[in-house]
Amino acid sequence: MNKNLWMVIIIVVGFLGFMMGYSVPPFVEVGFGDNIDLLEEGEPLPDDILKQYEHLYQDEEDE
Amino acid sequence: MEATVTHPIPVSKPVDCCTDRKTYDQAVPRKNIMWVYIIVGFFGLVSIGSYAMHEYYLYLSAYLWFGFIYGMCLQYGRFCFASAFRDLFAVGVPRMVVGIMIATVLFSITSSLVASTGWSTFHAAPWSMHAVIAGLIFGIGMVFAGGCASGSLYKAGEGNGVSMLVILSISVTQSAFVDVGGWANKLVPKSWAESALTKGLPSSINVSDGWVDQYLAGYVWDQPIITFAKLLGLEDNSLVGAFIGNTLVGVILPAILLLTVVYIFWSRKRFVMDIKANEGRSASFTDHVRGFWSMITSSKRTAIAGLFLGIACGLQMFVIEGLRMKFGVKNAGTILQRLGFDYGISAKGTVFDPGYWYVTTQEAQWVGWMAQKLGFNNMDNIYFGWVNGIPSPAINPADWMSVALIGGAAVMALMNNEFKWKKPTRELAIWALIGGALMGIGSRLALGCNVGAFFVRTANGDVSGWSFGFGMIGGAYIGVKFFNWYTEKKMAREMANIDFDI
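These protein sequences, in sequence, are chains A and B.
Using our numbering, the first residue of the first sequence is number 1, and each one after it goes up by one.
Using our numbering, the first residue of the second sequence is number 1, and each one after it goes up by one.
Honestly, the hints are just simulated from the structure, not real lab data.
Note that the structure is a prediction, hence the values are computed from the model and not measured.
A few of these clues could be false.
To be verified - Derived coverage of chain B by chain A (criterion: at least 3 residues anywhere in the stretch with Cβ under 8 Å from a Cβ of chain A; other residues may be distant):
no., segment
1, 116 to 122
2, 321 to 330
Unchecked claim - Here are the simulated SDA-like cross-link-like pairs (lysine to any residue), alpha carbons at most 25 Å apart as the crow flies:
no., chain 1, residue 1, chain 2, residue 2
3, B, K326, A, D47
4, A, K51, B, L339
5, A, K3, B, V46
6, B, K326, A, G14
7, B, K330, A, L16
8, A, K3, B, A27
9, A, K3, B, H54
10, B, K326, A, P46
11, B, K326, A, I11
12, B, K330, A, D47
13, A, K3, B, R30
14, A, K3, B, G41
15, B, K330, A, G17
16, B, K330, A, P44
17, B, K326, A, Y22
18, B, K348, A, L45
19, B, K326, A, V30
20, B, K330, A, G21
21, A, K3, B, A303
22, A, K51, B, G407
23, A, K3, B, K348
24, B, K330, A, W6
25, A, K51, B, H54
26, A, K51, B, G328
27, B, K330, A, P25
28, B, K300, A, I10
29, B, K300, A, D47
We put the beta carbon where it would ideally sit given N, CA and C, even for glycine.
Make the full structure from the sequences, and use the hints.
Have a look at this one:
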């Protein structure tokens, strides 16, 4: 394959890799297959998550 | 004289109608390479620049880069459903049909992997005869237009003016069709109208006015959603359900069956004649297995494109779902609202955000958005106002995917020296508009095109995918037969007008 095609492939893979860096960690945290740690519909949110929501983007708002 | 790069690179060109492309050395003009980097640089700048504004834009960039990959793959493999069935029915060449089946099988494997993690973005569609009828209309349209919905996009990236007209026609037709009311309401069966009223849609949608609204809420939504895994009593997101139910039973076995039919009716005769001519004997069962395999492997390029398409399609589902988790959203509508864009968001707070490869809805959206800006109310129908919204094309995730798909195809075409601006003739333009209109109507009736209603659904074990596919094949057959009749009639007329001076 010619070098220009390789360059394009490297650029595309670079962007994809960057996006994977964003999208993979949440999966690792929440789990896969039968081990998904999700709340049932209607179940109350745990306190630590509520606190996390309260502080979500607080820094940006403060700015 | 145009400057060219000094080193030769392998470029593929079609050798004849029945064989795969062969590679030969041809210099690519420097201008082409410059445009390749301009296009890639533009998309790179959009991604980096928007990310610098806010990390939420990464969600749109994900669509962009997957669209770019699809464009490269489609152009490389010359992946077009219209060409596939036209070549098969008109000249008996199964190469592209085989490629499509390979891509579907490979995509089904990757999507099963994603589904078995429990994080697939795919949702099966309601199933009934409407999918077959819609496929039939779509199939006729794609043969008339000379390209399917995805094929027209990649061909537009090659500079094909006819394909650009097809895209325009699909876009305008869809946008107009979903909003047709008035006289069309008289064509709505009473049962649909009554059922639609029971769906509890907000008054802003005005479900009693609009044929498509009542078709969707009064008929399609009442149909069962069936996958092959569910038919076998399995869960779609379990390992066994995804791989055995949806992939093996839902895709691999039907694909083998379909390819066997293609071999028997289109490839076998040629293979048997070759054996008789070269070896002077009749073909045995082993020979037929060999012939079947040679049909499968006849186009490496299409198969490679299919392989990468399949992988990219599965990966996109994974990446989009990961980003949704990361940003704590279920739909891009929430992201757009957080970014301060609330124009064109649906009454549910959503915008079109399939999470996988899709073609037609975003095409309808940009025309819908434009019409809304010109003063037409497009937000009182289910399609735009309740489900998909009409956000500005500049911040519409699926539009980023389609634009990048055209860009990816252009990059590949430029590198293969296959890019050329082609102005449509008057006759081809008329066929493009008629075919595009039929594809637009077929897409809206089926809730998707050859990609959204066939390729993605079939690969995910959705029964309605095959229903649309069978309709589409039937439509393509009718389209080819019509074209044969039309061409013969036209040639006879032209021949009659020639004055032979003997």
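Right, here's what the structure says about each hint:
Only residues whose beta carbon comes within less than 8 Å of a beta carbon in chain A count, and the segment 116 to 122 of chain B has 4; three or more means the coverage holds. Look at the segment 321 to 330 of chain B against chain A: 6 of its residues bring a Cβ nearer than 8 Å to a Cβ of that chain, three or more, so the hint holds. Distance check on the hinted pair: K326(B) and D47(A) sit about 19 Å apart at the alpha-carbon level, within 25 Å; holds. Of the pairs offered as hints, the one joining K51(A) and L339(B) holds, with about 23 Å between alpha carbons and a cut-off of 25 Å not exceeded.
Annotation: proposed proximity of K3(A) to V46(B) holds, straight-line Cα distance about 24 Å (limit 25 Å). For the given pair, K326(B) sits about 20 Å from G14(A) by alpha-carbon distance, which is consistent with the 25 Å threshold. Restraint check: the Cα-Cα separation between K330(B) and L16(A) comes to about 21 Å, which is no more than 25 Å; the hinted pair holds. Pair hint K3(A) plus A27(B) holds up; C-alpha atoms about 13 Å apart against a cutoff of 25 Å.
This hinted pair does not check out: K3(A) and H54(B) have alpha carbons roughly 33 Å apart, beyond 25 Å. Of the supplied pair hints, the one linking K326(B) and P46(A) holds, its CA atoms being roughly 18 Å apart against a limit of 25 Å. Between K326(B) and I11(A) the alpha-carbon distance is near 24 Å, which keeps this suggested pair within the 25 Å criterion. At most 25 Å may separate the alpha-carbon atoms for a hinted pair to count; K330(B) and D47(A) meet this at roughly 22 Å.
Our distance criterion of 25 Å between C-alpha atoms is met by K3(A) and R30(B), whose separation comes to about 13 Å. At roughly 16 Å between alpha-carbon atoms, K3(A) and G41(B) fall within 25 Å of each other, so this suggested pair holds. For the hint pairing K330(B) with G17(A), the CA-to-CA distance comes to about 22 Å; that is within 25 Å, so the pair holds. Using a Cα cut-off of 25 Å, the hinted pair K330(B) and P44(A) holds, with the two alpha carbons roughly 19 Å apart.
A hinted pair counts as satisfied when its Cα atoms are at most 25 Å apart, and K326(B) with Y22(A) qualifies at roughly 7 Å. In summary, the hint linking K348(B) to L45(A) is supported, as the alpha carbons are separated by about 23 Å, within the 25 Å threshold. The suggested pairing of K326(B) with V30(A) holds, with an alpha-carbon distance near 11 Å, which does not exceed 25 Å. For the hint linking K330(B) to G21(A), the alpha-carbon distance of about 19 Å falls within 25 Å, and the restraint holds.
A distance of roughly 23 Å separates the Cα atoms of K3(A) and A303(B); the hinted pair therefore holds under the 25 Å criterion. At most 25 Å may separate the alpha-carbon atoms for a hinted pair to count; K51(A) and G407(B) exceed this at roughly 44 Å. Annotation: proposed proximity of K3(A) to K348(B) is violated, straight-line Cα distance about 48 Å (limit 25 Å). A distance of roughly 35 Å separates the Cα atoms of K330(B) and W6(A); the hinted pair therefore is violated under the 25 Å criterion.
Between the alpha carbons of K51(A) and H54(B) the distance comes to roughly 23 Å, so the proposed pair stays at or under 25 Å and holds. For the given pair, K51(A) sits about 15 Å from G328(B) by alpha-carbon distance, which is consistent with the 25 Å threshold. Simply put, K330(B) and P25(A) have alpha-carbon atoms about 17 Å apart, close enough for the 25 Å limit, and the pair holds. Between the alpha carbons of K300(B) and I10(A) the distance comes to roughly 23 Å, so the proposed pair stays at or under 25 Å and holds.
As the CA atoms of K300(B) and D47(A) are separated by approximately 56 Å, the hinted pair breaks the 25 Å bound.
Violated hints, in rising order: 9, 22, 23, 24, 29; the structure is consistent with all others.
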